[in-house]
Amino acid sequence: MATAHSRMTARLMISPAVIMLLGWMIVPLSMTLYFSFLRYNLLMPGMEEWIGFTNYEYFLTDPAFFEALGNTLALVGGVLAITVIGGVGLALLLDQPFFGQGVVRILVIAPFFVMPTVSALVWKNMFFHPVNGLFAHAAKGMGMQPFDFLAHAPLLSIILIVAWQWLPFATLILLTAMQSLDSEQQEAAEMDGAGPLSRFIYIVMPHLARAITVVILIQTIFLLSIFAEILVTTNGGPGYASTNIAYLVYAQSLLQFDVGGGSAGGIVAVVLANIVAIFLMRMIGKSLEP
Amino acid sequence: MAREASPSRKIVTTAVAWAIGLAIFFPVLWTILTSFKTEAEAIASPPSFLLFDWTLENYAEVQERSNYLRHFWNSVVISIGSTLLGLVVGVPAAWAMAFAPSKNTKGVLMWMLSTKMLPPVGVLVPIYLLFRDGGLLDTRIGLVMVLLLVNLPIIIWMLYTYFKEIPADILEAARMDGAMLRAEILYVLTPMALPGIASTMLLNVILAWNEAFWTLNLTAAKAAPLTAFIASYSSPEGLFYAKLSAASTMAIAPILVLGWFSQKQLVRGLTFGAVK
Numbered sequence: 000m001a002t003a004h005s006r007m008t009a010r011l012m013i014s015p016a017v018i019m020l021l022g023w024m025i026v027p028l029s030m031t032l033y034f035s036f037l038r039y040n041l042l043m044p045g046m047e048e049w050i051g052f053t054n055y056e057y058f059l060t061d062p063a064f065f066e067a068l069g070n071t072l073a074l075v076g077g078v079l080a081i082t083v084i085g086g087v088g089l090a091l092l093l094d095q096p097f098f099g100q101g102v103v104r105i106l107v108i109a110p111f112f113v114m115p116t117v118s119a120l121v122w123k124n125m126f127f128h129p130v131n132g133l134f135a136h137a138a139k140g141m142g143m144q145p146f147d148f149l150a151h152a153p154l155l156s157i158i159l160i161v162a163w164q165w166l167p168f169a170t171l172i173l174l175t176a177m178q179s180l181d182s183e184q185q186e187a188a189e190m191d192g193a194g195p196l197s198r199f200i201y202i203v204m205p206h207l208a209r210a211i212t213v214v215i216l217i218q219t220i221f222l223l224s225i226f227a228e229i230l231v232t233t234n235g236g237p238g239y240a241s242t243n244i245a246y247l248v249y250a251q252s253l254l255q256f257d258v259g260g261g262s263a264g265g266i267v268a269v270v271l272a273n274i275v276a277i278f279l280m281r282m283i284g285k286s287l288e289p
Numbered sequence: 000m001a002r003e004a005s006p007s008r009k010i011v012t013t014a015v016a017w018a019i020g021l022a023i024f025f026p027v028l029w030t031i032l033t034s035f036k037t038e039a040e041a042i043a044s045p046p047s048f049l050l051f052d053w054t055l056e057n058y059a060e061v062q063e064r065s066n067y068l069r070h071f072w073n074s075v076v077i078s079i080g081s082t083l084l085g086l087v088v089g090v091p092a093a094w095a096m097a098f099a100p101s102k103n104t105k106g107v108l109m110w111m112l113s114t115k116m117l118p119p120v121g122v123l124v125p126i127y128l129l130f131r132d133g134g135l136l137d138t139r140i141g142l143v144m145v146l147l148l149v150n151l152p153i154i155i156w157m158l159y160t161y162f163k164e165i166p167a168d169i170l171e172a173a174r175m176d177g178a179m180l181r182a183e184i185l186y187v188l189t190p191m192a193l194p195g196i197a198s199t200m201l202l203n204v205i206l207a208w209n210e211a212f213w214t215l216n217l218t219a220a221k222a223a224p225l226t227a228f229i230a231s232y233s234s235p236e237g238l239f240y241a242k243l244s245a246a247s248t249m250a251i252a253p254i255l256v257l258g259w260f261s262q263k264q265l266v267r268g269l270t271f272g273a274v275k
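Chains as they are written, first to last, in numbering that gives the first Met the number 0: chain A, 0 to 289; chain B, 0 to 275.
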């Protein structure tokens with residue numbers, strides 16, 4: 000099959016994609032790396048100079064960085080906890096026979112298709128708003144004081160919004176995995192007297208382990224870069240209370256025009272994401288084996 | 000699941016599943032309902048669920064005040080344009096890797112995927128500056144280029160997993176019958192590959208439509224797609240709930256419909272074939 004001629008053709012067919020992605024990855028990334036060693040502020044053009052690791056020193060010792068790092072971890076961890084636990088529960092439920100399965104499935108996955116800016120604004124205004132939000136109406140109806148979610152619990156509010164968006168993704172993947180579970184195995188265990196709980200622990204969970212790992216890794220990649228939801232709800236505030244690394248880098252480079260410092264932050268973000276990516280790549284690589 | 004459930008259990012499951020499903024869907028439903036209220040009714044306490052005077056004026060007003068259709072058209076051009084270009088580049092690449100694999104193929108695929116894991120903030124500054132200097136800020140062509148590159152790895156991966164499922168025997172058979180390469184591609188492979196290409200296209204249009212990092216950072220008034228346009232409601236404008244809802248409903252409706260068709264492809268496309 001692989002003659003020299005066909006190999007040539009194959010290479011020719013692949014090369015545009017490779018060249019484009021190579022350009023996309025190498026050119027901007029090396030520019031970021033280069034900027035990160037410069038004193039470079041957009042408000043002071045022509046004043047660029049090489050300052051070594053100073054930007055990194057500033058970025059990594061800035062209290063805002065630690066707060067943002069903490070927020071990033073809380074955001075990723077919180078959303079993962081809600082979506083994985085909720086996703087396993089929902090997948091178990093939707094896998095049971097009931098009336099209207101198809102419709103309920105559609106209802107459950109809908110949030111995933113809502114664009115991030117819409118879901119963030121809908122939650123912010125129509126649910127979390129301390130005067131006109133539905134939660135405020137409900138609190139007043141029960142004789143309680145409305146709670147200003149985004150002012151007093153900004154990070155938690157964003158976690159809830161993002162979890163709502165990603166729960167369908169976890170559910171859909173776990174449900175797909177659940178449906179490949181051998182039902183005979185379950186029946187055999189049932190006949191041997193295994194209760195629902197032990198069947199869940201010893202049969203369902205081990206079967207789902209791989210899918211759960213994939214969900215965790217892929218969501219982590221996306222959740223590390225949460226941006227739009229923060230931009231339209233809190234702008235990272237109050238203070239830095241809801242700023243994550245991605246938002247901090249954006250604020251530093253495009254709001255404060257500190258290209259050097261922002262670039263150093265960008266490189267830090269790349270390193271953090273790579274730690275997760277290595278594990279994910281290994282999992283996907285295994286699935287490529289015949 | 001082939002197992003029989005007792006009728007009473009099935010009824011309980013039905014009730015619980017519907018309750019949870021409606022609860023998860025509720026914010027979407029509430030947005031759609033609010034879009035048909037007047038502004039006064041939208042913030043009325045207690046809120047009315049269905050018994051209000053249904054009106055379409057919000058839709059008219061959103062269009063009138065902000066030229067909504069222009070942003071809608073921007074979204075259409077950017078998502079479909081970047082997807083079509085992605086297919087032009089991606090189909091040959093995935094094709095070659097699936098049907099003429101070499102020992103490097105796996106490495107190339109993995110490397111392409113790794114570009115997807117690069118956090119966008121890592122390249123935000125240079126892309127922004129390159130766009131500024133190249134006059135690409137706030138242009139549709141600029142966004143088409145970026146979204147093409149951002150989604151190309153997913154396009155290639157998805158196509159690759161679909162093409163891999165086309166049995167190689169069929170190619171052999173066609174070749175034995177004396178089919179030339181062109182005929183082989185045109186009459187044998189293309190019909191078998193079309194469903195995969197269609198699914199890839201569908202998922203990619205959805206991803207590009209909802210992309211909200213580059214669209215927010217690289218556009219202003221002119222080329223802003225719906226993601227960025229809706230973001231402009233984040234300050235005082237957002238307090239006009241009925242109008243926010245009307246704008247949001249129009250922004251999500253086409254994708255909700257497309258999305259419901261693409262459930263299966265979603266799993267394949269977003270897990271890169273790791274879960275099927």
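Just so you know, the hints here were simulated from the structure itself, not pulled from any lab data.
There may be inaccurate statements among the hints.
Claimed, not checked - Quick list of the computed label-pair ranges, beta carbon to beta carbon: (1) 152/A to 59/B: 35 to 43 Å; (2) 197/B to 277/A: 30 to 38 Å; (3) 256/B to 254/A: 35 to 43 Å; (4) 189/B to 69/A: 47 to 55 Å.
Built from N, CA and C at the ideal position, the CB exists for glycine as well.
| message | Check the structure against each numbered hint from earlier and tell me which ones fail, lowest number first. | response | No numbers; nothing is violated.
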